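Given only the sequences and the hints, what does the whole structure look like? Please build it.
Using this note's numbering, the first residue of the sequence shown is number 94, and each one after it goes up by one.
Since the hints were derived computationally from the structure, they do not count as laboratory data. Being a predicted model, the structure only gives us computed values, none of them experimental. Careful, some of the hints might be misleading.
What follows is a set of in silico ranges between Cβ atoms, one per label pair, in the way DEER data are often shown [unchecked claim]:
no.	residue 1	residue 2	range
1	Gly206	Pro131	29 to 37 Å
2	Gly118	Gln209	35 to 43 Å
3	Ala177	Thr133	19 to 27 Å
4	Gly194	Ser114	28 to 36 Å
5	Ile152	Gly118	37 to 45 Å
6	Gly205	Gly181	19 to 27 Å
Glycine included, every Cβ here is placed at the ideal spot set by N, Cα and C.
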Amino acid sequence: ELVFYSDAGCSQSLQGADVSSGHTGQYHGPREALDGNPDTAWRAQCAPCAPLEAWLGIIVQDVVRCVRWLQSPVTSGEGAAEIAFQIGGQELARATGLRGGHWEGLRYAAAGGGWQLI
Numbered sequence: 094e095l096v097f098y099s100d101a102g103c104s105q106s107l108q109g110a111d112v113s114s115g116h117t118g119q120y121h122g123p124r125e126a127l128d129g130n131p132d133t134a135w136r137a138q139c140a141p142c143a144p145l146e147a148w149l150g151i152i153v154q155d156v157v158r159c160v161r162w163l164q165s166p167v168t169s170g171e172g173a174a175e176i177a178f179q180i181g182g183q184e185l186a187r188a189t190g191l192r193g194g195h196w197e198g199l200r201y202a203a204a205g206g207g208w209q210l211i
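The structure is reproduced here in structure tokens:
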């Protein structure tokens, strides 16, 4: 699951047009990562993928100040150990050492010096 928020408290979710680097077959499209149902999943067309090869996101008309995700455990070979957060091709933050299996995320805290892992 993937959720974008307009506030640093991660409480005001954003909706937008979903986009991705691709998906496998008829099922597991990007909408399944954004549907609020942890029993559905997006699967990239390259699975297993090289680091930062697959991407998923939304097109919105608002500022994104928080992004949270729930992924398969990295030890299962399905989750990503590293995620880059980009807007317009510019990397704003990178989350490393991810384990999956629980909600993880990044939020913008101006007083804290920018994007922080949560």
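Each hint tested on the structure:
no.	hint	result
1	Gly206 x Pro131: 29 to 37 Å	holds (32 Å)
2	Gly118 x Gln209: 35 to 43 Å	holds (37 Å)
3	Ala177 x Thr133: 19 to 27 Å	holds (24 Å)
4	Gly194 x Ser114: 28 to 36 Å	violated (23 Å)
5	Ile152 x Gly118: 37 to 45 Å	violated (24 Å)
6	Gly205 x Gly181: 19 to 27 Å	holds (23 Å)
This entry does not satisfy hints 4 and 5, going by the numbered hints stated previously.
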